[in-house]
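S.K.: Listed below, chain by chain, are the residues.
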Amino acid sequence: MNTAEELSGKARTLSELKPLTDKGYAQGFVTDIEQEFAPKGLSEDTVRFISAKKNEPEWLLQWRLKAYRHWLTMTEPDWGKLNHPPIDYQDAYYYAAPKKKLKSLDEVDPQLLETYKKLGIPISEQETLAGVEPRIAVDAVFDSVSVATTFKKKLEDIGVIFCAISEAVQKYPELVQQYLGSVVPIYDNYFATLNCAVFTDGSFVYIPKGVRCPMELSTYFRINAENTGQFERTLIIADEGSHVSYLEGCTAPKRDENQLHAAVVELVALDNAQIKYSTVQNWYPGDENGKGGIYNFVTKRGACRGDHSKISWTQVETGSAITWKYPSCILQGDHSVGEFYSVAMTNHYQQADTGTKMIHIGKNTKSTIVSKGISAGKGQNTYRGLVKIMPKAEGARNHTQCDSLLIGDLCGAHTIPYIESRNRTARLEHEATTSKISEDQLFYCRQRGLSSEDAVGLIVNGFCKEVLNELPMEFAVEAQKLLSISLEGSVG
Amino acid sequence: MSTPILEIKNLHARVEEKEILKGINLTINEGEVHAIMGPNGSGKSTLSYILAGREGYEITAGEVLFKGKDLLSLAPEERAAAGVFLGFQYPVEIPGVSNIIFLKTCVNSVRKARGQAEYDAIKFLRIVREKAKTLNMDEAMLKRSVNVGFSGGEKKRAEILQMALFEPSLAVLDETDSGLDIDALKVVSDGVNALRDPSRAMLVITHYQRLLNHIVPDHVHVMAAGRIQESGGRELAQKLEANGYAQYIKAA
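In order, the protein sequence lines correspond to chains U and F. Residue numbering for the first sequence follows our numbering, beginning at 5 and increasing consecutively. Residue numbering for the second sequence follows our numbering, beginning at 96 and increasing consecutively.
Since the hints were derived computationally from the structure, they do not count as laboratory data. Hints should not be assumed to be uniformly reliable.
Below are the DSS-like pairs computed for lysine-lysine, each with C-alpha atoms no more than 30 Å apart in a straight line [what the hints assert, rightly or not]:
#1 U:K469 / U:K85
#2 U:K103 / U:K175
#3 F:K238 / U:K440
#4 U:K469 / F:K228
#5 F:K113 / U:K469
#6 U:K469 / F:K207
#7 U:K370 / U:K213
#8 U:K85 / U:K121
#9 U:K440 / F:K113
#10 U:K469 / F:K238
Build out the structure end to end from the sequences listed, making use of the hints.
M.R.: Structure follows, in structure tokens:
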């Protein structure tokens, strides 16, 4: 990017910080819309209700029930460096959907359109200027259902499938059946298994052989209803030699109760395929006293099945009261590449336990981990990562860099790397740093006219630059704003 | 009669229990360049930090007026907006933030506070390039992170570039000559001289006389042990070069 572009994009963001900071969590509004709920609580009936609502085939219902029955025998994992009161799984709704059914994009409820407009998400194709090639196709998921997917037709013309997973179950059952649960197995872990039983909607992407997806695919998740969990499921398959860049964003209203979000994302990259998956997670983090906020227990995993395939995760985690999330790569194909770029920020009473797993199975597989943790207020931030080299992974390489930045003296940063190597040819590097924003830096910026908050925002954005650079431009600007807003109240 | 920009009256300050400034009196008028010289530990840098509003200093007596108004009650960023600029002895590194972004963010923040229109990207870039050129600054430096991996000369040139962009009423330059070789000293001094202006006051703080061969002051003050011990014209600097600071240290 040249200097002028950089200036107009990024510097604009910074000058816009101030008004935004005053607003706090700007996405905290509630949409008043008529919704339909499943009966409260979790039982086989709930699972059947969801399956019936989605008009699912028998195999999927049985799959869900199998997961549910197994889940009953499991216990919540407690190895994360996280503290929260026990979650009452019976005290929540597992399905909430706007009442009005849609047949086309034009029928989207004006209330919903307004909601997405407020959030700055284009879910109407008309908004794209005539003659300008659209750059982003959006799937909008509102509580338990996908309400709109844009540019479906345009994508279909080149063979790209981008739709709600519930729709894919109907239209492409063989693809779904082949890949669903193939990366994150049905009994993988407590939250993933729960998701298998009650997942409601999410996105499905298939990129056919040799196709380079011409626009960014994006899903925007919104939790709106009270006491409702969101259990989305995303499945992305990149066939041989294909490329796709996928973005995910999420927000929720401000509420005093904690809400559960337990998603599963599975990625499959075949020979020479590349998937870039970017997340800007901005679920409601709770208030400054730690009341409310989303519990974000997410399982994300990608399988580099093919030779020379590549999966790259980039995440900016600023929201949620609790984040428990380890986007991982299984590097099966020879010469496959896994990447994980992460910024996790915790302020006030937020807690994050996040990192990645890089499992090297194929020969000459390579992985890169760059993690930037920022702790402010009383926030607790843990990087937890595993690099595992299997016996046949000749010539495997990993480079890990974990940097922590502390703001104030009541927060915590923890780095817990696990390294297991069973092949002597592997080369593994681990670097870690911990630093604080210095008085010198703050004073220097303030002498040059910045308020303390803007100064911290600037310094933090600089600290995260390596990761932010990995995001597509539109998201990078968004992420910079978010980082600064999330730091509100962190400098006294 | 000339208008005072800065009036320091009987300023006493301490850090924790240690008294560092023990009654400073100094008035700088529009268009004047004053130099403060003194040995290490005399309180020169403390004075510059107090003028810029750094925390950690307790003012025990006295006052500082900037254009007739109380300066000490303002936050550092308010002082910057009001027109106080401090050129740092040790400019601070900000990794990952490019110079150009830093400059634009700061300059626009100050312009906004002054009620001036903010610069757009194109205009700002044009202005910066122009000013950078006069300071012999490589444009690549604008893209590098603020002060990260800069040589001593590059850091000081970057400071002077900032000064040029902020157009301050009062520029305090703290040991601007430290870490500079003779060529860099010339470039930096030329940069400062170019900013001399009938409406601008400058306070140049230095340990050595050599800087004052390039930036010729109107007044020279010798500071030692927290007080101004002697004031005079530029000939005082030459006298110091010959005799050193010993007499002042003894006297204090």
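S.K.: Between the alpha carbons of U:K440 and F:K113, is the straight-line distance 30 Å or under?
M.R.: The hint holds at about 27 Å.
S.K.: Need the status of pair F:K238, U:K440: alpha-carbon distance at most 30 Å?
M.R.: Holds. F:K238 to U:K440 sits at ~24 Å (cutoff 30 Å).
S.K.: What's the verdict on U:K469 and U:K85, does the C-alpha distance respect the 30 Å limit or exceed it?
M.R.: holds, 26 Å
S.K.: Is the hinted pair U:K469 and F:K228 satisfied, with a Cα-Cα distance of at most 30 Å?
M.R.: holds, 28 Å
S.K.: With the threshold set at 30 Å, check whether the alpha-carbon distance from U:K103 to U:K175 stays at or below it.
M.R.: Holds, because 23 Å separates the two Cα atoms, which is no more than 30 Å.
S.K.: Starting from U:K469, check that the Cα of F:K238 is at most 30 Å away, please.
M.R.: holds, 13 Å
S.K.: Next pair to validate is U:K85 with U:K121; report whether the Cα-Cα distance is within 30 Å.
M.R.: Distance of about 37 Å is beyond 30 Å: violated.
S.K.: Does U:K469 sit within 30 Å of F:K113, going by the straight-line distance between their CA atoms?
M.R.: violated, 41 Å
S.K.: Does F:K207 sit within 30 Å of U:K469, going by the straight-line distance between their CA atoms?
M.R.: Cα-Cα ~26 Å, so holds.
S.K.: Holds or violated: U:K370 and U:K213, Cα atoms, limit 30 Å.
M.R.: Holds - the C-alpha atoms of U:K213 and U:K370 are around 24 Å apart, at most 30 Å.
In this structure, the earlier hints numbered 5 and 8 are contradicted, and the remaining ones agree with it.
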